[in-house]
Amino acid sequence: MPTRYDPQIGAEIIASHGARPEMLVQILRGICDRYGWISDAALRQVADALNLSRADVHGAARFYHDFRTAPPGRKVVKICQAESCQAMGSRELTAHAERRLGVELNGTTADGEASLEPVYCLGNCACSPAVMIDERVYGRVDAARLDRLLGRGTA
Amino acid sequence: MGADEVAAALAAHAGGQAIEIVRNGSWGMSWLEPLVEVEVDGTRIAYGPVAPEDVPDLYAADFLRGGAHASRLGPTAEIPWLARQERWTFTRCGRIDPASVDEFRAHGGFKGLERAFALGPAGVLDEVKASGLRGRGGAGFPTAIKWQTVAGTASDVKYVACNADEGDSGTFSDRMLIEGDPLTLIEGMAIAGFTTGASRGYVYLRSEYPLAKQAFEKALAAARDAGWLGENIQGSGFDFDIELHLGAGSYVCGEETSMLESLEGRAGLVRYRPPLPAISGLFGKPTVVNNVITLASVPEILVRGGEAYGALGTGRSRGTLPFQLAGNVRRGGLVEVPFGLTLRELIEDFGGGTYSGRPIRAVQVGGPLGAYFPEALLDTPLDYEAFAAQGGLIGHGGVVVFDDTVDMAAQARFAMEFCAHESCGKCTPCRIGSVRGVEVIDRIVAGVQREANFALLEDLCDTMVDGSLCALGGMTPYPVRSALKHFRADFERKSPVEPGGASTARDADGRRSAIEGAGP
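Protein sequences, first through last, are from chains A and B. Using my numbering, the first residue of the first sequence is number 21, and each one after it goes up by one. Using my numbering, the first residue of the second sequence is number 3, and each one after it goes up by one.
Chain A extracted, bound-state conformation (with noise of 0.2 Å):
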């Protein structure tokens, strides 16, 4: 993911949703997508193109658990805390998370390799507990396929 925000593809993305105010959740998905979080500047720039106040795009953009407020770490590893997976041993899977990456849920790696988030639900239900790695969903998931999927890099 780029680090930098860059303003002119920030008006891109807010010129594909035709920098209609109804698309405010949209645009923020966008650059959220493309960045892994929204900084103030992204935020100035969504308000004055949708010609809304900084406290609206604002209040939307925080609302939302998805739309980061700081940038996270080059793999994201989200595991599902809500019911079906704590029947399988989410908690567990999580508290060995957290010990390998020495991180608390919620955190990023002090090398910024690693994010580790919660999330509620990824519809795999059936093959619980579930996690999610960047994009790509995984079941059935325990402490050895977990510190498999996360590789050497992050010791």
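These are computed hints drawn from the structure, not numbers from a lab. Bear in mind that the values here come from a model prediction, so they are computed numbers and not experimental data. Yeah, the Cβ is synthetic: ideal placement off N, Cα and C, and Gly gets one too. Treat the hints with care, as some may be off.
[Unchecked claim] Derived CB-CB ranges, DEER-like:
(1) GLU42/A - GLY69/B: 54 to 62 Å
(2) ASP162/A - GLU377/B: 25 to 33 Å
(3) THR430/B - PRO138/A: 23 to 31 Å
(4) ASP26/A - GLU233/B: 33 to 41 Å
(5) GLU266/B - PRO138/A: 25 to 33 Å
(6) VAL24/B - SER36/A: 27 to 35 Å
(7) ALA108/B - GLU155/A: 30 to 38 Å
[Stated by the list, open to error] One-sided excerpt, in silico: chain A residues whose CB lies under 7 Å from chain B:
(8) PRO41
(9) GLU42
(10) LEU44
(11) VAL45
(12) GLY79
(13) PHE83
(14) TYR84
(15) ASP86
(16) ALA102
(17) SER104
(18) GLY143
(19) GLU155
(20) GLY159
[Said to hold, decoys possible] A few chain A residues facing chain B, derived, Cβ under 10 Å:
(21) ASP76
(22) LYS98
(23) GLN101
(24) PRO138
(25) CYS147
(26) MET152
(27) VAL157
Take the given structure of chain A and dock chain B to it, following the hints.
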């Protein structure tokens, strides 16, 4: 579960044999996946679960001609787990290539919409009424009445808004349908639009489903190319198109008015009702808001007839529901059967008991707002009213099984914690009540003034049920109360703390506080 790797291995080991790999949607037999099917003389033979390293072995067993192998399951349609189901809504799911309009047509696709054009809006309403279809998102409101309200409200613009924000744990039928047979949803939405006079549809899909997003985008493009979306669909004079919106990780946006706010580009704060969305919904216009499964059930109802659908089921729960077996269950997946089966039959006959092999202790039906049922209630029939009579709900049909290692006090605490995490913040009982709920449960578990805190928790639950604006705050007490009622011992494992200074503690304002005391 690794289907991509299996498909890659199948291609890599084909060794010059001409094979065509079709990535069909799931049949819902999750416990047998990755599932490989081979068409031999018009019959599909299934093998599963297949790992990439099994592939050379499969070729050696001549699986391309249906050869014997340890993972051979026989003809797919004859697998008892699937053969015992009665599939209406999921009739094509698993069977077809989800992106192909031709295959969809070859398996009866768009016949429902054609019938709708022939019947006219009033005729469609009669069929839906006869079917007894109720909203599959959880509330169970009669679909025909909602559609009739929208149809009868005069407006220049109307909308169909499909709720695909399937956030309940243990549910995945929306995801499976959109990944496996998305054209059926498109067809159902077009029928809803035709019946109510709406020409614009929205699908609000949760962001946790990236594969469903891809599948739906492909299906939209394919339907437009083939003239099943757009202006003057198939020469009928009816215009209809659909826009896909993605959610952003908010559970409460699955609540219909919160979803409408999000579709309008704002934070998903729930709205007061009335006005009903059917009268004043998206952008203040009359809007059909239905769940994916509700809309996707209508095409087959029109094809086979509302009466045939309505003949299935029990009491006021008519037709079929795609139940989803999840959690600690041996044979998890999607089971579409008529209402009326008992929870035990579903979990034991289809599910095969727990995955861990330990005894079942609790079952949560209907997502995070659903009650936990103990073993003694497993003979409750799957029926909206029968579940309500036991303090539970069917909801979106998700069934999550827990074995005897579960700590029900922790589950009750999680219900409050989740509500606190996801509350939109508009109403106080939900926003503050859920936070206080976590604290009170912590004190109960810690043994601090236990009886007084049990009473306080009951009182808090009453306030949340009666005072919340929507189902999030209003129904979070369901799982909490069911845990208190059926699993009270889990809250009383620690011996009570001796009443001492804590019992007479006063809060900052000097009021005597029953919840004051040692923290968790």
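Structure-based check of all given hints:
1. Hint check: GLU42/A to GLY69/B, Cβ distance near 57 Å, so the stated range 54 to 62 Å holds.
2. Look at ASP162/A against GLU377/B: about 27 Å separates their beta carbons, and that is inside 25 to 33 Å.
3. For the pair THR430/B and PRO138/A, the supplied restraint of 23 to 31 Å holds, since their beta-carbon distance comes to about 25 Å.
4. For ASP26/A and GLU233/B, the hinted distance range of 33 to 41 Å is satisfied, since their beta carbons lie about 38 Å from each other.
5. Restraint check, GLU266/B to PRO138/A: a C-beta distance of roughly 28 Å satisfies the suggested window 25 to 33 Å.
6. The hint said 27 to 35 Å for the Cβ distance between VAL24/B and SER36/A, and at roughly 32 Å that hint holds.
7. Hint check: ALA108/B to GLU155/A, Cβ distance near 32 Å, so the stated range 30 to 38 Å holds.
8. Of the supplied interface hints, the one on PRO41/A holds, with its beta-carbon coming within about 6 Å of a beta-carbon of chain B, less than 7 Å.
9. Satisfaction of the interface hint for GLU42/A is found here, the shortest Cβ-Cβ separation to chain B being roughly 4 Å, below the 7 Å cut-off.
10. For LEU44/A, the interface hint holds, the least distance from its beta-carbon to any beta-carbon of chain B being 4 Å, beneath 7 Å.
11. A cut of 7 Å between beta carbons decides the hint on VAL45/A: the least distance to chain B is about 5 Å, and the hint holds.
12. Hint status for GLY79/A relative to chain B: holds, with the closest Cβ pair at about 5 Å, below 7 Å.
13. Interface restraint check: PHE83/A against chain B, minimum CB-CB distance 4 Å, threshold 7 Å, status holds.
14. At a threshold of 7 Å, the smallest CB-CB gap from TYR84/A to chain B is about 4 Å, leaving the interface hint in force.
15. Given hint, ASP86/A at the interface with chain B, holds; its Cβ is 4 Å from that chain's nearest Cβ, closer than 7 Å.
16. The interface hint given for ALA102/A is met, as the beta carbon of that residue sits about 3 Å from the closest beta carbon of chain B, less than 7 Å.
17. Restraint check, SER104/A versus chain B: the minimum CB separation of about 4 Å is within 7 Å; hint holds.
18. With a least beta-carbon distance of about 4 Å to chain B, the hint placing GLY143/A at the interface is held under the 7 Å criterion.
19. The beta carbon of GLU155/A comes within 5 Å of a beta carbon in chain B, closer than 7 Å, and the hint placing it at the interface holds.
20. Checking GLY159/A against chain B: minimum C-beta separation of about 5 Å stays under 7 Å; hint holds.
21. The beta carbon of ASP76/A is positioned within 10 Å of a beta carbon in chain B (closest approach about 8 Å), and the interface hint is therefore held.
22. At about 8 Å, the closest approach between the beta carbon of LYS98/A and any beta carbon in chain B falls short of 10 Å, and the interface hint on this residue holds.
23. Because the beta carbon of GLN101/A sits about 8 Å from the nearest beta carbon in chain B, less than 10 Å, this interface hint is met.
24. A least Cβ separation of about 9 Å between PRO138/A and chain B falls short of the 10 Å threshold, and the interface hint therefore holds.
25. Contact between CYS147/A and chain B, as hinted, is supported at the beta carbon level, the nearest pair being about 6 Å apart and thus within 10 Å.
26. The beta carbon of MET152/A comes within 7 Å of a beta carbon in chain B, closer than 10 Å, and the hint placing it at the interface holds.
27. Taking 10 Å as the C-beta cut-off, the interface hint given for VAL157/A holds, the closest approach to chain B being about 8 Å.
Checked against the numbered hints listed earlier, the structure breaks none of them; every hint is satisfied.
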